[in-house]
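Line by line, the protein sequences give chains A and B.
Okay, so the first sequence: first residue is 1 according to my numbering, each after it adds one.
Okay, so the second sequence: first residue is 451 according to my numbering, each after it adds one.
For the record, the hints were derived by calculation from the structure and aren't laboratory data.
Please note that a few of the clues may not be correct.
[As the list claims (entries may be wrong)] Across the chosen pairs, the derived CB separations fall in these ranges:
1. B/G807 x A/A415: 46 to 56 Å
2. B/D804 x A/A415: 26 to 36 Å
3. A/I416 x B/P921: 50 to 60 Å
4. A/V30 x B/A606: 52 to 62 Å
5. B/L485 x A/S49: 55 to 65 Å
6. A/A415 x B/F475: 38 to 48 Å
7. A/A424 x B/E932: 23 to 33 Å
8. B/P601 x A/A415: 23 to 33 Å
9. A/V30 x B/V489: 55 to 65 Å
Ideal Cβ placement from N, Cα and C applies to all residues, glycine included.
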Amino acid sequence: MNSDLRAVAPEIILILFASVFFLRRSKHPVALVYAALGLGALATFFQWSHPLFFFDSSYEIHKGTTFLKVMILASAAISVHLFKSDPEISRHRPELLALMLIATAGGILLVSARHLALIYLAFEMLSIPSYALVGSIPGSSKSNEAGIKYAIFGGTSSALLLYGFSILYGISGSLRYDQIMTASGPALPIAAVLIGAGAMYKLAAAPFHYWIPDAFEGAPISIAAFLSAVPKIAAVGMILTLSSTVPHESWRTLLTVLAVVSMTWGNLAALNQNSIKRLLAYSAVAHAGTMLVGLSLLTQDGYFAALFYLAVYLLMNLGAFTVAGRIGPDPSVEDFRKLSTRSPLLAFSMAVFLLSLTGLPPFGGFIGKFLIVAAALEADAYLLAAALIINTVISLYYYARILRAMYLEPGSGTAIVPGFLAPALAALVLIAGLWWEPLARFAQQAVGFK
Amino acid sequence: MNLLSAIIFLPLMGAVLVLFTPERFIRQTALITSLLTLVLSCLLLSDFDATRSGLQRVELYDWIPRFGIHYIVGVDGLSLPMILLTALLSSIAIVSSWKIKTKIRGYFALFLLLQSSMTGVFASLDLFLFFIFWELMLLPMYFLIGIWGAPARVDADGQTRGGPYAAIKFLIYTLIGSLAMLIGIIWLWNDAGTFDSRLLIGVGRTVEIQVALWLLFFAAFAVKIPMVPFHTWLPDAHVEAPTPISLILAGVLLKMGTYGILRFNFVLFPEATSALAMPLAFFGILNILYGGLCAMAQNDLKRLVAYSSISHMGFVMLGMSTLTPEGLNGAVLQMVSHGTITAMLFLLVGVIYDRVGHRDLRKLSGLALTMPHYTGFVILAFFASLGLPGLSGFVGELLILLGVWKSWSVLLVALAGLGIVITAAYHLWVINRAWLGEAIFHDLPDLSLRETIMLAPLAAIVVWIGVYPAPVLRILDATLTELAK
């Protein structure tokens with residue numbers, strides 16, 4: 001029992017700290033959150049081990065889950081940093097930090113949960129605070145509307161998930177993954193599709209992405225950044241688990257189709273966006289598709305490439321949000337004009353993020369795409385690789401629009417202080433492009449390479 | 451001593467240095483870096499053993515060994531002339547950039563980054579490294595064309611023009627080609643587990659697979675050459691870019707296409723190369739004729755020079771397609787000589803644009819009367835470009851035609867000959883229109899000292915290769931004869 005509790009120590013830490021917020025008003029709420037996330041990360045690091053099961057096999061820890069959990073905690077920390085520098089909400093709304101902590105705990109739990117009831121609990125723990133977070137700007141009808149929309153879509157996907165679970169239970173008579181794994185039957189593909197729909201909603205893959213542009217646009221930028229990262233990582237964890245449970249041809253086809261649809265839909269829809277938040281929302285859809293390419297192969301190489309890509313995506317995507325947050329609460333492409341003179345360092349960092357999101361060397365995004373294409377070709381998925389390549393070209397166009405606004409177009413504006421976070425993330429993206437062996441080794445171990 | 455790596459990374463260090471140099475010394479810092487690189491490149495030349503055909507000065511370091519990625523560079527008779535050309539033209543382009551006034555810190559930093567990546571492309575033997583340098587080159591080029599090129603505008607015909615438009619067009623075209631090559635590279639890697647091009651030579655692959663890989667690589671190189679019909683980025687990029695960048699584009703970047711074909715397509719997929727030689731020859735002829743006819747129709751002098759590049763690169767493709775020592779020697783010699791001639795032409799166009807503010811041939815006349823020295827260089831460059839015996843353009847074309855005669859038919863020689871006639875026609879017509887006739891400008895200053903310093907070395911090389919090409923051919927010969935087998 002003792003070791004069981006140690007397994008969920010990160011979740012417990014996060015929840016305890018979150019409760020503090022509801023009990024009394026803290027003078028330094030952000031410091032408290034950093035402490036929670038730091039302690040949580042520390043507790044997670046100790047879980048870097050071979051597969052272990054807890055709570056009667058309903059909670060699993062292995063290197064892969066630890067990898068994902070560390071990324072969730074790091075993304076949450078970056079979002080909190082954005083939150084702190086967001087004047088709109090940070091002063092009066094410390095309870096939002098508590099909600100972020102709970103959602104983070106939900107994400108962590110979702111990665112490790114191997115029991116259907118626990119998965120559902122974690123899923124909702126991640127979702128329900130998110131609805132409130134999106135609708136948190138007081139007096140903003142846009143924000144409130146986005147929150148409602150998000151809640152409706154979220155409710156629907158939860159319902160689909162539950163329905164899938166009920167079918168699984170009907171087939172196998174058990175709620176535990178390890179017992180469901182042996183189940184079979186004609187209804188299994190249907191269950192997989194329904195559960196997949198729930199995971200895709202969190203991953204923001206098309207066509208389950210309708211909530212994301214509105215939610216991003218309505219939410220404060222720090223919350224949008226949070227939503228672009230934490231649920232995605234948790235969803236990747238869910239998909240990895242599902243893939244090992246239902247390795248069926250139909251599951252593979254489903255993931256492949258969704259990968260292509262997401263990449264293409266996200267990129268085409270992003271072409272005409274003028275709001276950076278909406279643009280990044282569609283870009284998040286497209287990148288969900290890119291990760292799905294790796295996941296859909298159902299090979300170790302594919303999982304490894306997807307995890308590597310996920311890590312790099314977090315750096316560059318959160319980096320782009322950080323720069324956007326420096327410019328304003330809801331910047332448009334025009335607001336980036338002349339950033340090259342208003343803040344050269346910030347413009348340079350943004351250029352690194354954009355080029356890396358496109359997938360150009362020598363940045364991390366290129367290595368991620370390179371590994372995914374390599375895995376796809378290895379698995380003889382030539383058309384999938386070609387679809388990824390074509391989408392890369394499409395995405396260049398809208399990322400280059402921002403690049404163009406920053407460097408080539410005339411404009412004016414006040415100088416901006418760059419802050420330390422964006423340049424630091426840009427440096428990491430560059431390191432991930434030039435000396436990526438450490439990250440690759442980490443990701444390889446996470447998927448069980450020796 | 452790692453001379454080759456020094457040549458690759460010295461400009462990069464210069465770029466970093468430029469970022470921290472006081473504003474008044476930026477130009478000097480860039481120039482000194484570039485000249486030092488040129489000196490090192492000459493050292494490389496003096497130390498080169500031209501009698502050997504294999505790679506020399508190979509440097510190998512682990513980079514990401516877990517994935518079979520190494521840092522491997524080396525030179526042979528094919529890459530050495532290209533590295534020298536890059537170093538020479540970069541120095542001249544920096545002198546030519548002296549007049550750039552806006553944001554010079556960014557300009558020279560990007561320029562030196564560009565020089566580093568260009569040299570890296572010519573020296574890399576590891577395909578992964580090659581691809582990194584190949585793509586790295588796009589970024590500075592995008593900004594150099596976009597920021598320092600012509601301002602964005604909409605022309606009378608409703609067409610969007612200007613630096614930003616040309617820059618994104620260049621970027622998208624090149625990226626599409628490059629990504630096809632990336633698939634090819636990954637394919638080879640999945641097969642062999644290494645990116646080392648020396649270990650990937652295509653024995654044991656079926657001809658069909660070789661052809662598929664050949665085409666994937668070719669996609670990237672065809673855009674760069676540029677081969678008709680993938681050439682439409684070129685007139686825009688060349689015309690909208692500032693003079694020094696046009697010079698680099700035409701002088702060095704286009705050569706990367708043909709260099710890549712010789713270095714990778716020819717070496718890695720020999721059977722596919724023989725199978726696809728005929729189409730290559732066809733597209734070579736198409737480039738020669740189409741580029742020439744388009745050049746003839748231009749009224750903008752810079753656009754005309756841009757199209758003439760397409761035509762001349764057609765000769766390089768035609769020479770390569772013969773697979774004979776003559777043809778290959780001619781092709782590489784043509785690459786060198788076109789690099790120098792076209793650099794001269796763009797500089798000369800820049801001179802007239804600086805003085806009268808436009809390049810419209812309909813509004814130019816009698817320049818010979820007001821600017822005699824300038825006209826001297828113009829005549830030299832134009833006659834070299836149209837292939838007058840005794841100047842460098844002639845030697846390359848002659849060798850290429852010899853090769854075509856040997857391995858293809860007289861018909862192709864005749865078609866290429868028609869191309870030469872067209873080339874002569876538009877060059878002479880331009881001289882007729884703009885330099886002869888009545889003088890409409892009377893007080894144009896002749897060449898300044900700076901302009902003469904840029905043009906003189908190029909002119910000397912053009913004459914030298916034209917009169918006595920043996921030293922250059924000696925560098926090429928061993929490598930290319932080996933390749934022709």
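Quick rundown of the hints versus the structure:
Taken as a hint, the range 46 to 56 Å is violated for the pair B/G807 and A/A415, whose Cβ atoms sit roughly 35 Å apart. Hint check: B/D804 to A/A415, Cβ distance near 35 Å, so the stated range 26 to 36 Å holds. At about 56 Å, the beta-carbon gap between A/I416 and B/P921 stays in the expected band of 50 to 60 Å. For the pair A/V30 and B/A606, the supplied restraint of 52 to 62 Å holds, since their beta-carbon distance comes to about 58 Å.
Distance hint check: the CB atoms of B/L485 and A/S49 are about 58 Å apart, consistent with the given range 55 to 65 Å. A C-beta distance of roughly 26 Å is found between A/A415 and B/F475, which places it outside the suggested range of 38 to 48 Å. Distance hint check: the CB atoms of A/A424 and B/E932 are about 50 Å apart, inconsistent with the given range 23 to 33 Å. Taking the beta carbon of each, B/P601 and A/A415 are about 24 Å apart, inside 23 to 33 Å as hinted.
Taking 55 to 65 Å as the suggested C-beta distance range, the pair A/V30 and B/V489 conforms, at roughly 56 Å.
Violated hints, in rising order: 1, 6 and 7; the structure is consistent with all others.
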